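Listed below, chain by chain, are the residues.
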Amino acid sequence: MTSPAQGGARAHRNSSLLPGTLRVVEVGESVSTAICGRLLFKLGAQVTQVAVARGAHVLDQSGPFVGDDAQHASALGLWLRDGKTHVDVDLDDATARENLDDRLRSADVILVAGTAAEWGARGLSADRLEELAPTAIIGRISPWGESQEAAGLPSSELALQAASGFMRLIGDLDHEPVRLGGHPLQSIAALLALDGVMIGLFARERTGRGARFTTSEFEAAAHAEWKIATFSQAGLRRELRGEDNGAQVLRCRDGHFAAFYRPQDWGAMKEIIGDSRLDDAAFDTPRGRIENQSRLVALIEETTRTMSKKDLYHATQAHGIPAGYVATVTDLLESPQYVSRGFFESIEVPGVGTGLLPDASWQVFGPEDVVA
Amino acid sequence: MSGMLDGLRIADLTIVTAGAAATQVLADFGADVIKIEGVSRPDLYRGGIAGDIGDDVAFPPFRTANRNKRAIAVDLKTPEGLEVVRRVVATSDVVTENFRRGVVERLGLGFNDLIAIRPDIVLASISSQGLTGPSSHFISFGLTLDALGGVMSYSGYDSDSPIWSSARINYPDQTANSLGPALIIAAVLASRRDGQARWLDLSQRETVTMLMGDQVLRTSLTGENPVPTGNSTPDSIEWLTPSSGDDVWVAISLRSPEELELVASVVGADLAGAGDEAARAALVRAATERWSASRSDTDGAATLRAAGVVAVPVRSGEQLLDDPYLRSRGWWQEVSVPGGGTERQRGWAVAFDEGGPDGIRRNGPRIGEDTFEVLGELGYGPDEIASLVERAVVSAPATAPQR
Chain A
1388 MTSPAQGGAR
1398 AHRNSSLLPG
1408 TLRVVEVGES
1418 VSTAICGRLL
1428 FKLGAQVTQV
1438 AVARGAHVLD
1448 QSGPFVGDDA
1458 QHASALGLWL
1468 RDGKTHVDVD
1478 LDDATARENL
1488 DDRLRSADVI
1498 LVAGTAAEWG
1508 ARGLSADRLE
1518 ELAPTAIIGR
1528 ISPWGESQEA
1538 AGLPSSELAL
1548 QAASGFMRLI
1558 GDLDHEPVRL
1568 GGHPLQSIAA
1578 LLALDGVMIG
1588 LFARERTGRG
1598 ARFTTSEFEA
1608 AAHAEWKIAT
1618 FSQAGLRREL
1628 RGEDNGAQVL
1638 RCRDGHFAAF
1648 YRPQDWGAMK
1658 EIIGDSRLDD
1668 AAFDTPRGRI
1678 ENQSRLVALI
1688 EETTRTMSKK
1698 DLYHATQAHG
1708 IPAGYVATVT
1718 DLLESPQYVS
1728 RGFFESIEVP
1738 GVGTGLLPDA
1748 SWQVFGPEDV
1758 VA
Chain B
7 MSGMLDGLRI
17 ADLTIVTAGA
27 AATQVLADFG
37 ADVIKIEGVS
47 RPDLYRGGIA
57 GDIGDDVAFP
67 PFRTANRNKR
77 AIAVDLKTPE
87 GLEVVRRVVA
97 TSDVVTENFR
107 RGVVERLGLG
117 FNDLIAIRPD
127 IVLASISSQG
137 LTGPSSHFIS
147 FGLTLDALGG
157 VMSYSGYDSD
167 SPIWSSARIN
177 YPDQTANSLG
187 PALIIAAVLA
197 SRRDGQARWL
207 DLSQRETVTM
217 LMGDQVLRTS
227 LTGENPVPTG
237 NSTPDSIEWL
247 TPSSGDDVWV
257 AISLRSPEEL
267 ELVASVVGAD
277 LAGAGDEAAR
287 AALVRAATER
297 WSASRSDTDG
307 AATLRAAGVV
317 AVPVRSGEQL
327 LDDPYLRSRG
337 WWQEVSVPGG
347 GTERQRGWAV
357 AFDEGGPDGI
367 RRNGPRIGED
377 TFEVLGELGY
387 GPDEIASLVE
397 RAVVSAPATA
407 PQR
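Chains as they are written, first to last, in my numbering: chain A, 1388 to 1759; chain B, 7 to 409.
Hints listed in this document are in silico derivations from the structure and should not be mistaken for laboratory results. Hints should not be assumed to be uniformly reliable.
[Said to hold, decoys possible] Now the stretches of chain B that chain A is said to cover, found in silico as 3 or more residues with beta-carbon under 8 Å: (1) 78 to 90; (2) 137 to 147; (3) 156 to 169; (4) 187 to 201; (5) 293 to 304; (6) 320 to 334; (7) 382 to 392.
[To be verified] Part of the chain B face toward chain A, derived, beta carbon under 8 Å: (8) S46; (9) P66; (10) R174; (11) L208; (12) E212; (13) L223; (14) T225; (15) N237; (16) V316.
Since we're looking at a predicted model, the values are computed, not measured. Backbone N, C-alpha and C define an ideal beta-carbon position, used for all residues, glycine too.
Here chain B stands alone, though its shape is the one from the complex:
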């Protein structure tokens, strides 16, 4: 077991990926993350966003985003169910949530409710647009935040076709779940220093915008907005060149106009009398496309790299499973999957020389998989737990071991 985050306990109400993949990072490094789900309304990500995959742990990304966590299933709308969660909170440093604004208050788990339970609690709220402001009650999915956050306005083939990061990537969720762990730890350290509770308000929309400070500054000074320009930018010489095969490409990224000559020497472009930089770039690009079209992406990229040019094949995500460097780093983590066999899940957020995790301790949990264990730790006796189960205040899989 890791141990770097030993002593950190999270009452985790987050769902899908903006929140759940954030607490996954904390769980990976040894935090005790208790995933709290409704008896009848579990994390909707279990069945895939469209709900067509199945339930429980059938959806592969769910298994990754919730590994190393324990899970309890509680009917939060009953007083006894709420009491279960209040006891979890009393033993936790942090409550994490990414519900719509106002939901935790309606559940009886608002900031003031939590302070009454534990005066130094951290409530970490990951939301679309923050806790305050006229749009704080608006709802979104990741794609919406690509648009509202601004990155979409300069992504795409041309100015009439802004493009989002796609439903599969969902860039705004990836930024939130990468930033969230650090902020949660920082808030816990601050609360431990002074004994004061803190409410952390993380806006996903603002996170997208925060990471484009160069464009914000430029527009505020010049009034000019960036627009989509395909794979090049106004300040770089970059493009994709086709390789042999269907939809096979190599990305070329030049650090300076002088590197055009390196590419020209490889692809046989004659730059004599080519005119200005734009004309030279166009000539080299056309020659590169002719040169690369009959070569494999790996051969073309390797030849260009040997000449000192940044050139890499445009790969697909599944090709990363065989990436030599990731394998050499031991990055992929192999775990068992329901029904037999194994799968490889993404590795750790960073690799520590010492003290980091050795492997995945627990698979993504079934609904209420650890209900009995956690309630036992909270002081509930076997008869009390049985009664709560019988009245559907809590639930657990039929095969869950009882204490």
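Isolated chain A, as found in the complex:
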């Protein structure tokens, strides 16, 4: 269980919006379902995660791992189980199944990881869940949907980024497409499932009735990569992999800097870099800067390689340029912005030590709060 980090200096954060009596049950394990459950926990709900014997245990098996051979644990599992009640259930055991049924009967929200066919074979079909919990919001999140050729495949972040068109846009044309790190599309599936839960709860306030919804990580991926299809249908040219309207990743002495600036920011950028060679007419227009990007980056990096990425960040922001440094996780943990907002909380990992987890990314203020 987590607790405030940074000693007693952690700012009070309130992310709660749901009644503390709201009960959520996660049935089965997937990254997307578990993230959705974690967000409901952060909103104030009681969350129970039910892992079934002989089912997938992705939260134990997926890296990154912490600890040594004696205390080896998945950081993914530690994060996504934090704050939840965890229950292992053998569905072949009559007593265990009855206990699970009781838990489901009292649930307001049930999140199911996997396909209807998979859970129907285990005696937990959609109809059975609705019979047990007729006023619950029941959401099913499968990796690839219920009926397509890939329906039986397990979840894979890389495969989702490939199948959805997402990674086709990332990287540069001199290399293969490259994935975004972490679990971005499994995360978006979790966020959209959370939308489904809240839409269902809103409707239940008025009707008193439960609701059932389905989604898949693949559909969520399509939801996230929604713009290219619109460009294609309109006959508009879309940017190719590596084309970013002249945005640049610059090397600094201590890392990298994401130089995203607008046409009107060019004068300020030149002032910050302070190299008269940037006055070359070839760089005067956005088009010119894109056409001469390699030469431009080489020139700018002669200066930025001597600068700290955070100094460059503050210099650009002081001029109103929407640029930022490439933050490592260590940078995040030390970020004055995050520290001032009390964004991290402590977690004790048995046999390993005290670690930090990110809190909810939202806060709730009331009329009496001073927001400054």
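Dock chain B against chain A, hints included.
Just chain B now, kept in the frame of chain A:
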């Protein structure tokens, strides 16, 4: 019409995609979303970010992010224009905005101003770095937040080439507009329970970081930072293999080292005496590249899947338009477009068995398309509206029907 969010009304000041695509989800499910734009400064997304597409509803992504909404155009810098918006607020559950910090206060629509209008109002502020802290006044675009949020630090080909999600994807905006709808609904339900106003502070940077809790925990315990490692990770065996054609690829994702043997059996790799796991993986990968280079991506992926391996072609976004599964789900939504014809827009956030939307009720609105209708509902008479139009306090397209 849907009905699941019937009775939810939003005074929507959001622009571009972090905010506007969030309220789109609410509008899809039946919320009455009133998009409020300046008479002379509409949502800049109408013309595309570079402003080179045109205006009004010419930019296709704008049409998607603003479908099912009504739009009014108001000069917020005039007292009468502000009064129009105050009347919208008085009949709304929520005000949504994603301006720079301090803008809503300068407009006279800060949290305390709104409470004075409606004591149980929810103000939902979606911002780059949150409402508080030393960086709260800094500005950003999505690409900046890929960097500042941390995901960029372990995305890319190698440690010297961190890569962002690209301007077209803009991952930080997609996370905000996917999380925002749920938080807004939760805040409204909370305010309806106790009658108290709430100010929801959603930080886009924190959202990016919140979704990488495993990496945060690992680094806080070990001091080791994740770095870009291309398409594999230190804890997985994954890679892209080339297929026949230009820039055509198949993604392969193995769940365990044992699955290397499945791939080896398909591609004809001999693992005898291959050494440790890394050597075996390298051998299989090289053999797979030779095997796949002369095959189409669909054939190669299907053959590997038949052997029990996760393998899919690396597709482009436009190929999703023909995806059999999305079509079978009725996921794409077909709507008319200005100038004739139709387009398909993305489907619903989730699919409800009952009660979900049947289709898109309204196309993305023109600037001020519903000004007359909304002002009429707010109690303005025809003469008052005509006077406001004449003095450019509000505006509407010349073809808009007058009440």
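Going down the list of hints, with the structure as the test:
Proximity of the stretch 78 to 90 of chain B to chain A, defined as three or more residues with a beta carbon under 8 Å from a beta carbon of that chain, is not established by the 0 residues found. For the stretch 137 to 147 of chain B, the assignment as covered by chain A holds, since 10 residues bring a beta-carbon within under 8 Å of that chain's beta-carbons and 3 suffice. With 12 residues having a Cβ less than 8 Å from any Cβ of chain A, the stretch 156 to 169 of chain B passes the three-residue criterion, so the hint holds. Only residues whose C-beta sits within less than 8 Å of a C-beta in chain A count toward coverage, and the stretch 187 to 201 of chain B has 11 of them, enough to reach three; the restraint holds.
Counting residues of the stretch 293 to 304 of chain B whose CB falls under 8 Å from any CB of chain A gives 0; the rule of at least 3 is not met. With a cut-off of 8 Å between beta carbons, the stretch 320 to 334 of chain B has 13 residues touching chain A; three or more are needed, and the interface restraint holds. Closer than 8 Å: that is the beta-carbon criterion, and the stretch 382 to 392 of chain B has 0 residues meeting it against chain A, so the requirement of 3 is violated. This hint is violated: S46 (chain B) has a C-beta 18 Å from the nearest C-beta of chain A, more than the 8 Å allowed.
The closest approach between the C-beta of P66 (chain B) and any C-beta of chain A is roughly 4 Å, which is under the 8 Å cut-off, so the hint is satisfied. Using the Cβ-Cβ criterion of 8 Å, the hint placing R174 (chain B) at the interface with chain A is satisfied: the shortest such distance is roughly 5 Å. Interface hint at L208 (chain B): satisfied, since its Cβ lies 5 Å from the closest Cβ of chain A, which is below the 8 Å cut-off. Hint status for E212 (chain B): holds, given a least beta-carbon distance of 4 Å to chain A, under 8 Å.
With a cut of 8 Å, the hint placing L223 (chain B) at the interface with chain A holds, because the nearest CB-to-CB distance is about 5 Å. Nearest Cβ of chain A to the Cβ of T225 (chain B): about 4 Å, under the 8 Å cut. The hint holds. A least Cβ separation of about 5 Å between N237 (chain B) and chain A falls short of the 8 Å threshold, and the interface hint therefore holds. Restraint check, V316 (chain B) versus chain A: the minimum CB separation of about 5 Å is within 8 Å; hint holds.
Checked against the numbered hints above, the structure violates hints 1, 5, 7, 8; every other hint is satisfied.
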